[in-house]
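Chemist: Chains A, B, C and D supply the protein sequences, listed in that same order. In this text, residue positions in the first sequence follow the working numbering: the first is 1, and each later residue adds one. In this text, residue positions in the second sequence follow the working numbering: the first is 1, and each later residue adds one. In this text, residue positions in the third sequence follow the working numbering: the first is 1, and each later residue adds one. In this text, residue positions in the fourth sequence follow the working numbering: the first is 1, and each later residue adds one.
Since the hints were made in silico from the structure, they are not lab data. Check before you lean on any hint, since a few could be wrong.
What the hints assert, rightly or not - Only pairs whose alpha carbons sit at most 25 Å apart, straight line, appear in this in silico DSS-like list of lysine-lysine:
(1) C:290 with C:350
(2) D:324 with D:8
(3) C:57 with C:8
(4) C:258 with C:290
(5) A:361 with A:8
(6) B:324 with B:350
(7) D:324 with D:361
(8) A:159 with A:290
(9) C:258 with C:57
(10) B:43 with A:9
(11) B:8 with A:43
(12) A:8 with B:324
(13) A:324 with A:258
(14) A:190 with A:275
(15) B:361 with B:324
(16) C:8 with D:190
(17) A:159 with A:57
(18) B:57 with B:275
(19) C:43 with D:8
(20) D:9 with D:190
(21) B:258 with B:361
(22) D:9 with C:43
(23) D:57 with C:9
(24) A:43 with B:159
Unchecked claim - Derived, one-sided and incomplete: chain C residues facing chain A with beta-carbon distance under 10 Å:
(25) 87
(26) 99
(27) 101
(28) 131
(29) 134
The beta-carbon is built from N, C-alpha and C at its ideal position, and this holds for glycine as well.
4 protein chains.
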Amino acid sequence: MYGSGEIKKYSFKNDYSEGAHPHILLSLAARSTETNCPYGMDKHSEAAADMIRERCKAPNAEVAFIAGGTATNALAISLFLRNPYEAAICAVTGHINVHETGAIENTGHKVINVPSDGDGKITPELIQPVLDWHNCEHMVVPKLVYVSQSTELGTIYTKAELTALSEYCRKNGLYLYLDGARLGSALMAKENDLTLEDIAALTDAFYIGGTKNGLLFGEALVMLNEEMRENYRYMIKQKGYMLAKGYVVGTMFEAAFKDGLFFGMALHENEAAEKIADAIRSTGFEFYAKPQTNQIFVILPDALADELVDEFGCNIESRLANGKSAARIVTSWATTDEAVNALSEWFLTKYCAGLLKEMMK
Amino acid sequence: MYGSGEIKKYSFKNDYSEGAHPHILLSLAARSTETNCPYGMDKHSEAAADMIRERCKAPNAEVAFIAGGTATNALAISLFLRNPYEAAICAVTGHINVHETGAIENTGHKVINVPSDGDGKITPELIQPVLDWHNCEHMVVPKLVYVSQSTELGTIYTKAELTALSEYCRKNGLYLYLDGARLGSALMAKENDLTLEDIAALTDAFYIGGTKNGLLFGEALVMLNEEMRENYRYMIKQKGYMLAKGYVVGTMFEAAFKDGLFFGMALHENEAAEKIADAIRSTGFEFYAKPQTNQIFVILPDALADELVDEFGCNIESRLANGKSAARIVTSWATTDEAVNALSEWFLTKYCAGLLKEMMK
Amino acid sequence: MYGSGEIKKYSFKNDYSEGAHPHILLSLAARSTETNCPYGMDKHSEAAADMIRERCKAPNAEVAFIAGGTATNALAISLFLRNPYEAAICAVTGHINVHETGAIENTGHKVINVPSDGDGKITPELIQPVLDWHNCEHMVVPKLVYVSQSTELGTIYTKAELTALSEYCRKNGLYLYLDGARLGSALMAKENDLTLEDIAALTDAFYIGGTKNGLLFGEALVMLNEEMRENYRYMIKQKGYMLAKGYVVGTMFEAAFKDGLFFGMALHENEAAEKIADAIRSTGFEFYAKPQTNQIFVILPDALADELVDEFGCNIESRLANGKSAARIVTSWATTDEAVNALSEWFLTKYCAGLLKEMMK
Amino acid sequence: MYGSGEIKKYSFKNDYSEGAHPHILLSLAARSTETNCPYGMDKHSEAAADMIRERCKAPNAEVAFIAGGTATNALAISLFLRNPYEAAICAVTGHINVHETGAIENTGHKVINVPSDGDGKITPELIQPVLDWHNCEHMVVPKLVYVSQSTELGTIYTKAELTALSEYCRKNGLYLYLDGARLGSALMAKENDLTLEDIAALTDAFYIGGTKNGLLFGEALVMLNEEMRENYRYMIKQKGYMLAKGYVVGTMFEAAFKDGLFFGMALHENEAAEKIADAIRSTGFEFYAKPQTNQIFVILPDALADELVDEFGCNIESRLANGKSAARIVTSWATTDEAVNALSEWFLTKYCAGLLKEMMK
């Protein structure tokens, strides 16, 4: 279901099925024979880090470039939770809780899950009972809150929401870590009111996802809290995450941030998603979660959902009750107008066909 | 010392300071907007794996593409040592013993080191005392032997040596795992008598290093033993080593193996190293280890060694007694004739100057 | 809350606040200067294991004596889950999920919790969604089901219930492990229809708790499944659980099982608890969970619950809504009639006083 | 070899083959039905800790009672090494390096071994090369030095030696941890010039071994350094080392320290060992290590060593070259005069017989 299967003519399966934007590839080609310091201590990584620090207004932040999202999460959480009896809190739908094959537990730490409020987001109110309950040495010490922006359901935290979480965490001695696998799309969302500067001010660390935003691979972990940074390169190396040719990721992030390409690609994803959401809205189909970023969750009759999967390579997120399913549509940096139009048309056609069938009864 | 420092005009610091061969980059560019299955289940990874299986004459081998060497070692050893009380044996100079920040121990396993025979290689005779000693539940269970080809000192195992090790391991219930970070260079060495087919027949697993052989990054882990393969993709994912865009590595290995480019780049490395070794031989300087592959270890007076580091970005391998040092010279896929000539000339000049000074006394 | 606080005249705080039964101590004194093989390979451990095997009608079972319950759980689960991506399933109230400071996660494994059906027990129906959901390498592999007998709420599985779980586990490739910290009390419960022989036939491993059943310390892990036994003594040693003087635990279990003392002590616990439960029943106070073993959970107004804690050293299990609390009363091998009478009287007095107050209004 | 084998009439196999001194057992019997706070928070543990603090002149030390030596080592080292990339240094003969089944590595940390100077002891000079070598993030961070008093070879560090180590460690940011499995015997050694007060002043933590000094089981970990103490009870619980009836160990240590019984038992061990050493000295047999405590290592012809093992349950420490073996003789709190005389006589007889045979040639 995750990795296998036939490639469709138009694929809305995910945002990591097409390589990298040509400008990104060009940046690599241009430096093909250039000699660089290895292990991420090169000038391109440094330049990329500088641009990120600048946009975050966080001149003292450390930035590390890591190959993938699960690795970045495992690294960041290990840097925060230096004691094995310390635990991370996340939504029951959180990526670290369900989709990373127990990577956090494998580093020795418990992941405590709290119910999300239906849109993949968590709040201080949902976290409080965990703190109340864990009060002695027979239980783990909750020490970090993990959130994703955008969430697993494509929704985004507002500035007010993230601020409330941040204040709560600081008051209660919890680190706040934000998984930004799709941060580009979240930042460029129409309804978004959070800047990189805000996020840097409100969290202890977060990462800017490159893999799902038009790079060959790579995530930029922005470490704001000084405690987590102690000997962080030792941790990167020990976990097998230190790339000899670290400048490869640095070069791609440099290219992505120099002229705003990173944000341009995210915008492209969102605009494509928006057109599809508009098409869906023009029918009577309902959304499973509010469409805000490059992931659209739509509720369809089971058979129609299966058809969508079959024709456009989407995923079934969940089988709901009453013969309906929630299907996930994802746009990428490489999604074409042609594909968007084909999918929009599909929705219209299917909806009308449904209406007609209903009338015929 | 490892990652930092100024870039020299000519750098012989290592074989991972220059990006990727243009043909490799072209292969990525050509597939920029192609849609591929994620997580390494794509047609390019499959094609590359097929070519590797073919060259290994191992039609049933599983091949996984991993971002870097430390990750590949940690993965492979975890796949072999499923019980935490099982241990790996390696030379005291072995990469997993000294240069991976305790990555193996961090997965819970002891690394037992044995003295190497001076050239970085180990033999059944060196391993036997470890087996004799570990005989009850108060000690770990030695279960795997780790070797590198080429070794940390640039030397290579002969077919007779690897066969002896392999037979010994099989007789004693030990897995034999070969770290091939520089396997390309080893295979193309003049004195080499081992083929990929031999290595596949003699080991339980090995990897073909791409990072140090002209790829942007990536290693191909060839899993021959069926026991280690059980649920190996779960282990890759849990460790954070599964790349969403796995086809990126697959595409590069496909390009490297299609027309022999991989071996051509290795040959280039060796030829450059050989010219330098010849130049050194024409002087009176001695080698610290027999020059066989793309790493040359030369013994120089301390001051001269420091000068070499300073001018050509080499590393000091070891400070020896009597005011001498062993310096490491490494060639890469991108090493130019100009650089080779400059370094050769340097040796000649320095040697003559030394002679002159001696005569002047 | 757990370990501290003043000692009350009568304590119903737990079943591990008084040392060992005099007969147990005598058995140790009698062997004070006897020379024994260390590390659990002595004749007393062997004799105790034989008696346990005999009672279980499991002549091939291996029995290991471990110092405490958390250690025994961590050991057993490590023996079953040899791969780090394998996970244990338990009730959300399960001891390994909440009261062992993440000991299982610290060995690298995820603990997946399922809601219990209100009495601390789980069923195949509650487990099925976990199996449905975990279907690929991006998620852990559920591999073991953990239950407690008696449960955290003092209830017991019936033979029908445990048989259903056992059949379900075997059909689905799951190990079934039973935490018997209070197995003595469960076996001697009036409503119990499960014998040691049944439990040995239905589970893959379980332990017979000594600490909470009148021994100085010690649990007997009964390993039925052959897979888990591979090199189990290495695992015991590596975790720091192998006692040099293992014969100390062996001797105590030998003494406890020779003349039925173990079961006599459990019966004593249950009879004391039953008298208290009867006294509560004679009032109008309600139970939070069905009283079946040596743990009684009663619902009281908050103030009264606090008074109970204050006078009889009980614990508050949970603050309920509407101004009420669930309090836990535990009897031990050393609980006296005097204490039981005092507590029973307290309930009667308090209930009458409440009625009177109500009438006075 | 370790745990199995027939029990001999006189056993000098180890110091943990006989239960506990009668006074220790009496202390448990006297408190059989006393109610105590669980988890080590009881008045007996507190009283024992107070006596230890008093003898150490370390009023602020924390003392924790743990069931066994491997557990205590794993706990202490985990408390010092909070980061997985930090490593412990010990003699190649160190208990944590060879006889704990990789317990330290299983907590994620590398154990770096240095050659000992032949008597099981290490010095600053032996440690320095490790610090020189480990200088960047590609290698672990050496952070703790582990020594044993007495050592694995029965020798003891002098005050000058331990002071030199302590000063070296403090100067170099290394913690100094002393494994005192046989600390009683070391403290009572004739040549000893170190007091408990000295050891407390010179180390960051150490433990006082009870298991090998006449207790049923139990070690007292004395934590002097404040850094290691942070949430140490969480670590004890998570590792499965927290005994519900912690007061059992506390009571035994209280009894052992109240009237000097602990030191009396150690003295008894040493005096028995000394008589045996004197007997050996009166022959021409040589020692493998200087006899100072309750372990004697003697060099014998192979056949004679085997006979010693056969008759007195000793162990072969090492097969030496030239047909000789080093055998280990250990005395315990329960060693009788009769046994000592029998063994002494054996040495005399065997030596004379050897002389006679030689003369007859």
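Chemist: For each hint, tell me whether it holds in the structure or not.
Modeler: Outcome of the hint check:
no., hint, verdict
1, C:290 with C:350, "21 Å, holds"
2, D:324 with D:8, "23 Å, holds"
3, C:57 with C:8, "43 Å, violated"
4, C:258 with C:290, "32 Å, violated"
5, A:361 with A:8, "34 Å, violated"
6, B:324 with B:350, "15 Å, holds"
7, D:324 with D:361, "20 Å, holds"
8, A:159 with A:290, "17 Å, holds"
9, C:258 with C:57, "16 Å, holds"
10, B:43 with A:9, "16 Å, holds"
11, B:8 with A:43, "14 Å, holds"
12, A:8 with B:324, "64 Å, violated"
13, A:324 with A:258, "45 Å, violated"
14, A:190 with A:275, "13 Å, holds"
15, B:361 with B:324, "20 Å, holds"
16, C:8 with D:190, "48 Å, violated"
17, A:159 with A:57, "17 Å, holds"
18, B:57 with B:275, "33 Å, violated"
19, C:43 with D:8, "14 Å, holds"
20, D:9 with D:190, "29 Å, violated"
21, B:258 with B:361, "59 Å, violated"
22, D:9 with C:43, "16 Å, holds"
23, D:57 with C:9, "36 Å, violated"
24, A:43 with B:159, "43 Å, violated"
25, 87, "6 Å, holds"
26, 99, "5 Å, holds"
27, 101, "5 Å, holds"
28, 131, "14 Å, violated"
29, 134, "9 Å, holds"
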